[in-house]
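What follows is each chain in one-letter form.
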Amino acid sequence: MKLHDLTVAEAARMLAAREVSSRELTQAALDRIAAVDGRIHAFLTVTAEQALAAADAADRRIAAGEVTPLTGIPMALKDVLCTRGVPTTCGSRMLERFVPPYSATVVRRLHEAGAVAVGKTNMDEFAMGSSTENSAYGPTHNPWDPERVPGGSSGGSAVATAAGEGLFSLGSDTGGSIRQPAALCGITGLKPTYGRVSRFGLVAFASSLDQIGPFTRDVRDAALVMNAIAGHDPLDSTSAAVPVPDYATALTGDIRGLRFGVPKEYMIEGMEPGVRAALLESVAALEDLGATVRWDISLPSTEAALGVYYIIAPCEASANLARYDGVKYGYSNQTGASMWENMELTRQHGFGDEVKRRIMIGTYALSAGYYDAYYNKALQVRTLIRREFDAAFEQVDLIVTPTSPGVAFKLGEKTADPVAMYLNDVFTLPVNIAGLPGVSVPGGMSEGLPVGLQFIGRPFDEPTLLRAADAYQRATSWHTLRPPL
Amino acid sequence: MSQPATAYEVVIGLEVHAQVATASKMFCPCPATYAGAAPNTHVCPICLGMPGVLPVMNRDAVEKTLLFALALGCTIPHDSKFDRKNYPYPDLMKGYQISQYDMPFSVNGHLDVDLPDGTVKRVGVTRVHLEEDTAMLRHESGAGGERYSVVDVNRAGSPLMEIVSEPDMRSPEEARRYLEMLREILRYTGVSRANMEEGNFRCDANISLRRFGAPQYGTKVEIKNMNSFRSVQMALEYEVRRQSEMLDRGEQITQETRGWLEAERRTVSQRSKEQAHDYRYFPEPDLPPVRPAAAWIEQLRVTVPELPQTKRHRFVEQYGLSAYDANLLSTPRARAEFFEQTIAIAGAARAKQVSNWLLGDIARLQNAHGQEFEHITIAPAQVAELIDLVERRVLNSTTAKAVLERIYTSGGSPTAAASDLGLVSAPAAGLDALLATVIAANPRAVTDFRGGKANAVQALVGAVMRETRGTADAAQVRELLLEKLARD
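Residue numbers (my numbering), protein chains in the order written: chain X, 1 to 485; chain D, 1001 to 1488.
In case anyone wonders, no lab produced these hints; they're calculated from the structure. You may find that some hints are simply not true.
As the list claims (entries may be wrong) - If you only want the chain D side, here are some residues facing chain X, beta carbon under 8 Å, derived:
| # | residue |
| --- | --- |
| 1 | Leu-1048 |
| 2 | Gly-1052 |
| 3 | Gly-1095 |
| 4 | Asp-1278 |
| 5 | Pro-1285 |
| 6 | Pro-1289 |
| 7 | Pro-1292 |
| 8 | Ala-1293 |
| 9 | Ala-1294 |
To be verified - Sample of chain X residues lacking proximity to chain D, with all beta carbon distances greater than 12 Å (derived):
| # | residue |
| --- | --- |
| 10 | Arg-109 |
| 11 | Ala-248 |
| 12 | Ala-284 |
| 13 | Ser-367 |
| 14 | Ala-368 |
| 15 | Met-445 |
| 16 | Asp-461 |
| 17 | Trp-478 |
Said to hold, decoys possible - Chain X side only, calculated, beta carbon under 7 Å to chain D, not exhaustive:
| # | residue |
| --- | --- |
| 18 | Val-99 |
| 19 | Phe-200 |
| 20 | Leu-202 |
| 21 | Val-203 |
| 22 | Asp-236 |
| 23 | Ala-322 |
| 24 | Arg-323 |
| 25 | Val-327 |
| 26 | Tyr-370 |
| 27 | Asp-372 |
| 28 | Tyr-375 |
| 29 | Asn-376 |
Please read these numbers as outputs of a predicted model, since none were measured by experiment. Yeah, the Cβ is synthetic: ideal placement off N, Cα and C, and Gly gets one too.
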């Protein structure tokens, strides 16, 4: 097996056994980037020099016996995570030359654990999109078929891990931005419970929905990364003071008696036949493992989730993105006749179409006279959606669904139709609305492309969620497939 | 209170912004005090509004706001939250201000305003809420006359309390009185320095006029840019004139925001109702709702100090002070406390003497030294001792002043200071012999006195005072002389 194809757990074992050094692993990831990234464009910034220095530091740590399971492991970071001294663009022209003087809490924690960042990955501008086509720096391509999108908005991070340009990566998920690209690229992607992982240093899209999580080759690796990044952060008042269990020890492989449910409302017309087949086959696999699966649980407001999401997220975004005015940092257009004109020109040229669309939707929905009809109504339905999940979790322990109604689509196929693009996330965004943990794992292949299977758990019950997904992976081999690059 | 010569009733409501005196800013660890600091030195990524940063609530600011709200008799709702107030301006780092919209920390308070005619006017306080201050803009001109603005972010993110009154004031003078009393309570509770000139106490006024007896309020006008209590009163008086003249002419008042031009002593239109911002408030998703625990509120409630107004009334009743003296003594809080600490030692029977010293010679020295009462260099025990020495006639009013000046600048006990200065009175027993000597040495004065010239005794008093180098108590000497002359 090639070094760039290892899982984190395998690499950690080899590092501990001195079978490989962090420098070798890191160099392998950098070589892989050099070899394939021209075709897939996962990275916006590659920090080779810093990575090799960090790898050497990790090797010294390993020699001294001060190791964590992530010490010396090369990783990639979505370019929405602030990295001290390293450009953080959010895929936007607006932050083209922005270099933060601080690191996100997750970046700091991974750095302290000894993980080695090889670079920053491409994304839909400000995390708004489902295909990574909305990046100001050009799209990322799916390693299974470069004609196709990798999903989004964390497409770069998904592709980096899928293509071996790092052994894991971090993304952010506001409506499915980790799980959907994980599904489309055939890897594991976890969106933790809202509040489980600090958002400090994550450039905000929709603050009440955003959550950081890992892309990995399997569920065990996701548990290892979670052990490093989860937990309360005094810098994030929305991070929960809930104790952090050892996620890796939760992976017992035993799901006998665990109760699964497939919501009726998720069996929609628009689901591709290959996706439906993969779901049926996966459910059978769970039953073989001793779990029970029922098909009659109901989340009646599922249909309203898309509408709720496309009000709440743009409303929050319209405020979160107000700070980009060209005065303090980032792109600044000074060709106008006045400060106000410069501000308008900066935003006109600094933001892409999708970002502008959402700022306008949010500004409109919050305006006097519309607030009650849109934002307030959306909050009410949000509460309803939460309660429906609560009710479902009285009947079952976990919900299982496809991650996305279809497999990776062609570049340009949906860019002209925002609503068709938004429909990619119908199965993932209710999870953000309810603040629940969700994980996507490879659950089959259709037309030569990966299909994602999504598990949804109770708040802060990542241990059960990961135990189920891990047990599924022990019984299947979809996660071991690698793209033909 | 005298009504202006007009057919209209004046209706005024005030919005006061007071900076909360905390060590750090509202949502980040930067120091909240910036007076004298070089521009943009008290800043961090959080108050600069950089990408990806998050606010963390300053508990002290919340606590002080609650304390102040309790002092105004406000109700503290079980649920409150922060909201985002959206508007673009270069002094607003994030493009929105974290404030409180529909669920403030406190509602339904009041302030009893003492009016100059001795009556008390209760002004309703709609709400007291907490928000963050903005940066400061300075408008400058370059060498070539080009105009530009610079931003100083030091102030951005400082905790700012907004105190909104009901439209209960009926004259500019009442408005000014309300502000004075509000400032007094802000300082008393230690919640704010409340200094309008320093900019940590700001006021906007809403004013409308209506015919007396009219059921509806008239159209209101908001006035901004007033930087002293005096300018608030002047601006309101100007508006009363402007609006009543318009109404007299049968014109409609326009709902608008007007700015006070101090130099020109008039207000000018800044913004019409149509140009008003739509702030698009929505709940701040980065901060959880605030639910102050009942126990916390009760703990704070007992720490609300006795307010100056209550104190004044108590001083009159308990110590028999005049309303005038009680008023002066009650503020600042440090002086009121000094007063009662001194009484605790000297006894309530000496309240008048304590008051006289505090408002007389001590106030004079304090002014001469340019000191705030908080930093006064004399202690209640020293004043009590001084009063005791005078009472026992060891010192007279003149020598006591000399002793006060000595201990004010050099410290120490008044007894020691009096001795150092050689000002200790001859004991009364020794005086007797001295009086006999003086009577014997001044037969002329004695004869005059006995001949009916009552004033002639003054010559004898003067002689005794000379002999004692002024340390004797002149009144006592006079008394003893009269006794002696009557006996002999």
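Here is how each hint holds up against the structure:
1. Evaluation of the Leu-1048(D) hint against chain X yields a held restraint, the C-beta minimum of about 7 Å falling below 8 Å.
2. The criterion of a C-beta within 8 Å of any C-beta in chain X is met by Gly-1052(D), whose closest approach is roughly 4 Å, and the hint holds.
3. Annotation: interface hint on Gly-1095(D) holds; nearest CB of chain X at approximately 2 Å, less than 8 Å.
4. Taking 8 Å as the C-beta contact cut-off toward chain X, the hint placing Asp-1278(D) at the interface holds, the least distance being around 5 Å.
5. Interface hint at Pro-1285(D): satisfied, since its Cβ lies 4 Å from the closest Cβ of chain X, which is below the 8 Å cut-off.
6. Restraint check, Pro-1289(D) versus chain X: the minimum CB separation of about 11 Å is more than 8 Å; hint violated.
7. Taken as an interface hint, Pro-1292(D) does not check out: its beta carbon lies about 16 Å from the nearest beta carbon of chain X, beyond 8 Å.
8. At a threshold of 8 Å, the smallest CB-CB gap from Ala-1293(D) to chain X is about 16 Å, leaving the interface hint violated.
9. Because the closest C-beta pair between Ala-1294(D) and chain X is about 22 Å apart, greater than 8 Å, the hint is violated.
10. For Arg-109(X), the condition that its CB be more than 12 Å from all CB atoms of chain D holds, with the nearest at approximately 15 Å.
11. No beta-carbon of chain D comes within 12 Å of the beta-carbon of Ala-248(X); the shortest separation is about 29 Å.
12. With a least beta-carbon separation of about 41 Å from chain D, Ala-284(X) lies farther than 12 Å from that chain, consistent with its non-interface assignment.
13. Under the 12 Å C-beta cut-off, the non-interface status given to Ser-367(X) relative to chain D is violated; the minimum distance is some 6 Å.
14. Here Ala-368(X) does not stay apart from chain D, with its beta-carbon only about 5 Å from theirs, under the 12 Å limit.
15. Against chain D, the non-interface label of Met-445(X) holds: every CB pair exceeds 12 Å, the least being about 37 Å.
16. A cut-off of 12 Å between C-beta atoms confirms that Asp-461(X) is not in contact with chain D; the least separation is 21 Å.
17. Even its closest Cβ contact with chain D, about 35 Å, leaves Trp-478(X) beyond 12 Å, as expected for a residue assigned away from the interface.
18. Of the supplied interface hints, the one on Val-99(X) is violated, with its beta-carbon coming no nearer than about 11 Å to a beta-carbon of chain D, more than 7 Å.
19. Among the interface hints, the one on Phe-200(X) holds; its C-beta lies about 5 Å from the nearest C-beta in chain D, closer than the 7 Å criterion.
20. Restraint check, Leu-202(X) versus chain D: the minimum CB separation of about 6 Å is within 7 Å; hint holds.
21. With a least beta-carbon distance of about 4 Å to chain D, the hint placing Val-203(X) at the interface is held under the 7 Å criterion.
22. Among the interface hints, the one on Asp-236(X) holds; its C-beta lies about 5 Å from the nearest C-beta in chain D, closer than the 7 Å criterion.
23. For Ala-322(X), the interface hint holds, since its Cβ comes within 7 Å of a Cβ in chain D; the closest pair sits about 2 Å apart.
24. Against a cut-off of 7 Å between C-beta atoms, the interface hint on Arg-323(X) holds, since the closest Cβ of chain D lies about 5 Å away.
25. The criterion of a C-beta within 7 Å of any C-beta in chain D is met by Val-327(X), whose closest approach is roughly 6 Å, and the hint holds.
26. For Tyr-370(X), the suggested interface contact is broken, since its CB lies about 10 Å from the closest CB of chain D, more than 7 Å.
27. Hint status for Asp-372(X) relative to chain D: violated, with the closest Cβ pair at about 12 Å, above 7 Å.
28. Using the Cβ-Cβ criterion of 7 Å, the hint placing Tyr-375(X) at the interface with chain D is satisfied: the shortest such distance is roughly 6 Å.
29. The closest approach between the C-beta of Asn-376(X) and any C-beta of chain D is roughly 9 Å, which is over the 7 Å cut-off, so the hint fails.
Comparing the model with each numbered hint stated earlier shows that hints 6, 7, 8, 9, 13, 14, 18, 26, 27, 29 do not hold.
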